[in-house]
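Could you build all of it, start to finish, from the sequences and the hints given here?
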Amino acid sequence: MPSFIEEARRAQLIDVTTELVADHGYAATSLGRIAESAGITKAGVLYHFPSKQALVEAAHARVLSELVEAVAAAVDAAGPADAPAAYIRAMIGHLREQPRHVRMIVEAMTSVAPLADSKARWSAVADLIAAARAARGLTGEVDLRSAALVIGGGIDAIVSESMRDPEYDAVAAAELLVGVVERGLL
Numbered sequence: 001m002p003s004f005i006e007e008a009r010r011a012q013l014i015d016v017t018t019e020l021v022a023d024h025g026y027a028a029t030s031l032g033r034i035a036e037s038a039g040i041t042k043a044g045v046l047y048h049f050p051s052k053q054a055l056v057e058a059a060h061a062r063v064l065s066e067l068v069e070a071v072a073a074a075v076d077a078a079g080p081a082d083a084p085a086a087y088i089r090a091m092i093g094h095l096r097e098q099p100r101h102v103r104m105i106v107e108a109m110t111s112v113a114p115l116a117d118s119k120a121r122w123s124a125v126a127d128l129i130a131a132a133r134a135a136r137g138l139t140g141e142v143d144l145r146s147a148a149l150v151i152g153g154g155i156d157a158i159v160s161e162s163m164r165d166p167e168y169d170a171v172a173a174a175e176l177l178v179g180v181v182e183r184g185l186l
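Note that full-length UniProt numbering numbers the sequence shown so that position 106 is 106, with each residue one more than the last.
Be careful, since some hints might not be right.
Said to hold, decoys possible - Have a look at the derived ranges for each label pair, beta carbon to beta carbon:
#	residue 1	residue 2	range
1	Glu141	Phe4	38 to 44 Å
2	Pro2	Ala73	25 to 31 Å
3	Leu64	Gly44	43 to 49 Å
4	Gln53	Met163	46 to 52 Å
5	Met163	Gly32	24 to 30 Å
6	Ala11	Glu97	41 to 47 Å
7	Glu167	Arg145	40 to 46 Å
8	Ser160	Asp76	35 to 41 Å
9	His24	Tyr168	38 to 44 Å
10	Met1	Ala77	32 to 38 Å
11	Arg164	Gly137	17 to 23 Å
12	Gly184	Gly44	36 to 42 Å
13	Ala54	Ala8	16 to 22 Å
14	Ala8	Gly137	17 to 23 Å
Since the hints were made in silico from the structure, they are not lab data. Built from N, CA and C at the ideal position, the CB exists for glycine as well.
What follows is the structure, given as structure tokens:
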């Protein structure tokens, strides 16, 4: 079992790696650069993680875990009828507040992390939509997969635009997306 100091060092290395990959990209983030930023040797980094890839994967996993935790808390607090709106607002809000996390996710997805199963990503959102419709007493057929993909695409586009243009009003865009979902699905 790792000691408190070892856990703290691992957390520091994950923090440093997240910052470096987000700021400079995966290719420009070497073990040497990570070690230098953490104030230890490359051997010290390799003591805690067997490779750069393993360290980047750990950083990616933590970033995703923090995102899931924030979104899940918002969705749980909203209740089933309002969960889709809470999901949209929480996703956009968290990613807007954590631009390094967005860049870390993109870099990891394109460099080391296996692409997530598409169904795994959209099925959770489809389940939120189905639960919201049930909570509101709505019946009728809805293509939940397409609805979830549209929501995910809207979130991705809003976050991407807000990263490119600091003047872009991502909060207003999130509310527009919520309105589209409310009127079109719920």
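Results of checking the hints against the structure:
1. Glu141 with Phe4: 38 to 44 Å: At roughly 55 Å between Cβ atoms, Phe4 and Glu141 fall outside 38 to 44 Å, so the hint is violated.
2. Pro2 with Ala73: 25 to 31 Å: With a Cβ separation near 28 Å, Pro2 and Ala73 satisfy 25 to 31 Å, so the hint holds.
3. Leu64 with Gly44: 43 to 49 Å: The hinted range 43 to 49 Å is violated for Leu64 and Gly44, with Cβ atoms some 26 Å apart.
4. Gln53 with Met163: 46 to 52 Å: violated, 25 Å
5. Met163 with Gly32: 24 to 30 Å: The hint (24 to 30 Å, Cβ to Cβ) holds, given that Met163 and Gly32 are roughly 28 Å apart.
6. Ala11 with Glu97: 41 to 47 Å: violated, 20 Å
7. Glu167 with Arg145: 40 to 46 Å: violated, 34 Å
8. Ser160 with Asp76: 35 to 41 Å: violated, 27 Å
9. His24 with Tyr168: 38 to 44 Å: At roughly 24 Å between Cβ atoms, Tyr168 and His24 fall outside 38 to 44 Å, so the hint is violated.
10. Met1 with Ala77: 32 to 38 Å: Holds: the Cβ-Cβ distance is about 34 Å, inside 32 to 38 Å.
11. Arg164 with Gly137: 17 to 23 Å: Between Arg164 and Gly137, where Cβ atoms are some 41 Å apart, the hint is violated.
12. Gly184 with Gly44: 36 to 42 Å: violated, 53 Å
13. Ala54 with Ala8: 16 to 22 Å: holds, 18 Å
14. Ala8 with Gly137: 17 to 23 Å: violated, 51 Å
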